[in-house]
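> Chain residues, written in single-letter form:
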Amino acid sequence: MDHILELQKVSVKFGGLVAVNQVDLTVRRGEILSIIGPNGAGKTTLFNLMTGIYQPTSGTILFKNKVINKLKPYQRVDLGIARTFQNTRLLKNMTVLENVLVSHAQCNKEGLFESIFSFGSIQRKRAAIVEECIEKLAVVGLAHKLDVLAGSLPYGEQRLLEIARGLATGCELLLLDEPAAGMNQAEKVQLVDKIKQLSKQYQINILLIEHDIAMIMEISDRIAVLHYGQKIAEGTAAQIQNDPNVISAYLGGEVD
Amino acid sequence: MNKKAAVGSAIAILLLILPLFLSQINDLWMHVVIMIGVFSILSMGLNVIIGYAGQFALGHAAFYGIGAYAAALLMLHLDISFWLALPAAAMIAGLFGFLLATPVIRLRGDYLGIVTLGFGEIVRLIFVNWVDVTRGPMGLPGVPAPSLFGYTFTGKTEFYYLILVLVVITYLVVNRIVHSGIGLSMLATREDETLAASIGIRPNKFKLLAFTVGAFFAGIAGAFWASYISYVSPDAFKYLDSVNILAMVILGGSASLPGSILGAAILVAGPELLRYVNEYRMLLLGLAIVLMMIFKPAGFWGEKHRKINFYGSGARKGDVK
Amino acid sequence: MLLQQLINGLSIGMIYALIALGYTMVYGILKIVNFAHGDIYMMGSFFGLFFMKELHMPLYLAFIFSAVSAAILGMIIERTAYRPLRKADRIVPLISALGVSTFLISLAQLLWGTEMHPFPTAFGSKTYAVGSVTFSEIQILIFILSFVLMFGLHLFVTRTKVGTALRATSMNLTNAALMGINTNRMISLTFGLGSALAAVAGILVGIYYNAVYPNMGYMAGINAFTAAVLGGIGSIPGAMLGGVLLGLVETLAGAYISTQYKGVISFSILIIVLLIRPSGILGKKDINKV
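Protein chains in written order, with my numbering: chain C, 12 to 267; chain D, 604 to 924; chain G, 3 to 292.
By construction, these hints were calculated from the structure, which means they are not laboratory data.
Wrong hints could be hidden among the right ones.
To be verified - Okay, the calculated beta carbon distance ranges per label pair: (1) G/Pro86 to C/Gly152: 36 to 42 Å; (2) C/Gln97 to G/Pro239: 35 to 41 Å; (3) G/Thr166 to C/Tyr166: 38 to 44 Å; (4) D/Lys808 to C/Ser129: 51 to 57 Å.
Stated by the list, open to error - Capping the alpha-carbon separation at 25 Å, the derived lysine to any residue pairs in SDA-like fashion look like this: (5) C/Lys120 to D/Ala891; (6) D/Lys808 to C/Gln33; (7) D/Lys808 to C/Ser129.
As the list claims (entries may be wrong) - Footprint (simulated), chain D over chain C, 3 or more residues, beta carbon under 8 Å: (8) 18 to 26; (9) 121 to 133.
Even for Gly, the Cβ is constructed at its ideal location relative to N, Cα and C.
Let's have the full structure, built from the sequences with the hints guiding it.
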């Protein structure tokens, strides 16, 4: 299986507005693919289509060769797709650890009778789940803040928490929506390293939306460019840089 | 931990010997304490729905009533013993919780409130109008008291110990449910449903579970009430009774079980203590609800006081690396 | 017979429309359901009763004074029980509204007792026969008054500057404020208007059924809310349409099916609408940006 995710001519319309227009996209196994494009190009909408928050009005979405168009978001998480949000979405009134715990499949799938009646085995099970969650938090560097309320974290750490949360779901494909927003240069360098590391360590494919071009060039195996809901280019960093469509989208076309 | 155990033991002993004092003073106060127990169970159940799962449910008295009528009918017509009728009534109430919530579970806050209010009203209308079964406004008299090893409950003391046991069981069970992965998932659903779905939580499952659990325990309270008062009529299960239970959850604190017990104590004992304002009881209640929302929306013993590390006690015994 | 039922249904429908307007306007602007609105309608009815019985006002003055009193009451409630909670969790103002409702019902019970009061006017009982149908005076008043008021509201909201500001505020609160509209005043105005209309409806009902009692807001409130949702919550023409439709359906169902479970019928309509088409007949679909 070469592709983990495949979009075939996917479109979505909201009333009269075509937000995503006949997009073809594939994410190959083991690669880090970035999506770039001006604001309003439809990048987050694409993520929403992949995760099931929107249903495509036409086209097919395949995950591991299985059509997932009709699956609800929580079902897609079960299959192995996780995401972070552009506007950080955390459970602000719960602690850092709890935010990650509740994303762990074995935690949110705990049974009713199990939680009421079992004593010894459930303790051990929960301890193991907690261990795994702490490990994910350690990867993003937040293991020292387990009992801090998520809402009181500084912005950069909130974004890291989102990543840890995504990892805890045990996903195979992680969609990161502008993970470096609000970070300074040093933090971005660290983030790039972290993403590369966790991608190898947990065998996760990464799909990334970002605006920082230098960071994109550094981290991506391939890049896709979106403009007004359409994919206008796709390829390696070098190919994208020289693509005339991309240049005109970002810098404007020729003036007659 | 030692201090906590000491306080806990003191309270336990006090609760166990309470009837010795109260029955000397006044039978009325035994009744009040028993009713605090009944309403504690009701408000803990409603807290699971409103406080943990964040569903604005307004018709809780309906499940209380369903439990009472179910228990009464089982005991009167099928001669079933109280000890079987109680769990049966609870399961019937729980089932209704599930059935009534299922069609409307995806409705948002305000709409869900009106709809659950409507359901509560319809259930009450059925109690009043389905005379063949419920005898309408005349009610069902003569519901038998529980009997244990041949001894039938006669005085309030026996009922007191029974409700004490029921409250403790309710507290222990609900406590385990909410301090688990289920509880965490409910809280996540309450705070941000879209986010919850995006991390693998099926929101409707947990909302329905909350309704079922809440209704189940309301059924227990209802069954107890039927046997205690030995008479079931639609009068005890009106809209204002639902508001009363809601107020107990609000006062005590949403997502806090001790808070629910506190809220029940305040709203059951309060009107008795402040006899001279009994006329103004509902007026003050309405005012209290508004003031609580403005000044103390988390209740008196609310979430802010909850333990950090919500996920099962002892899950993190070891050191953090 | 059918025509008669239609007339009756239309009468009660116009009443529902008047009350529904209050729900829909407040929902449009604040996105909350004012649970206490039905009780303002009830208070309006009692105000009318008071002005006529104790102060011996003629009917038309009672309407005016009652509407104004209810408007003031509505604005006070908004200011004290809802405004401080604008930034809180969505469930908080809902619970507050519940508290206000409880407060109002108990207040009415304390002031006027729980029994039904007859409305002190001979007006309304005369009837006119046209062919096989009968119109009572009060029904004619309901038709005329409701129509005039709703038309007036429509003109106000679409043709005046203040009305346009009101519509702007209900479309987008933040943006309206950024454009210099005093949104707090718009919100107060909304509550005032809705309450005044509800009070008029209250007096009309008091005369129509010759009964005023503290719990009358409860069922009427649920019905009016159903009407608002049916027509499309947040839409003024929707409230009018929904009210009339609900009145007709309810009366016809009551006449041809069963009167006992009439409440169940309107309530079932509410559930069906909320499940199948929550935006109602004239409402717009809500698109959520994630």
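> Against each hint, give a clear statement of whether it holds in the structure.
Quick rundown of the hints versus the structure:
no.	hint	in the structure
1	G/Pro86 to C/Gly152: 36 to 42 Å	40 Å, holds
2	C/Gln97 to G/Pro239: 35 to 41 Å	37 Å, holds
3	G/Thr166 to C/Tyr166: 38 to 44 Å	39 Å, holds
4	D/Lys808 to C/Ser129: 51 to 57 Å	20 Å, violated
5	C/Lys120 to D/Ala891	39 Å, violated
6	D/Lys808 to C/Gln33	35 Å, violated
7	D/Lys808 to C/Ser129	21 Å, holds
8	18 to 26	violated (count 0)
9	121 to 133	holds (count 5)
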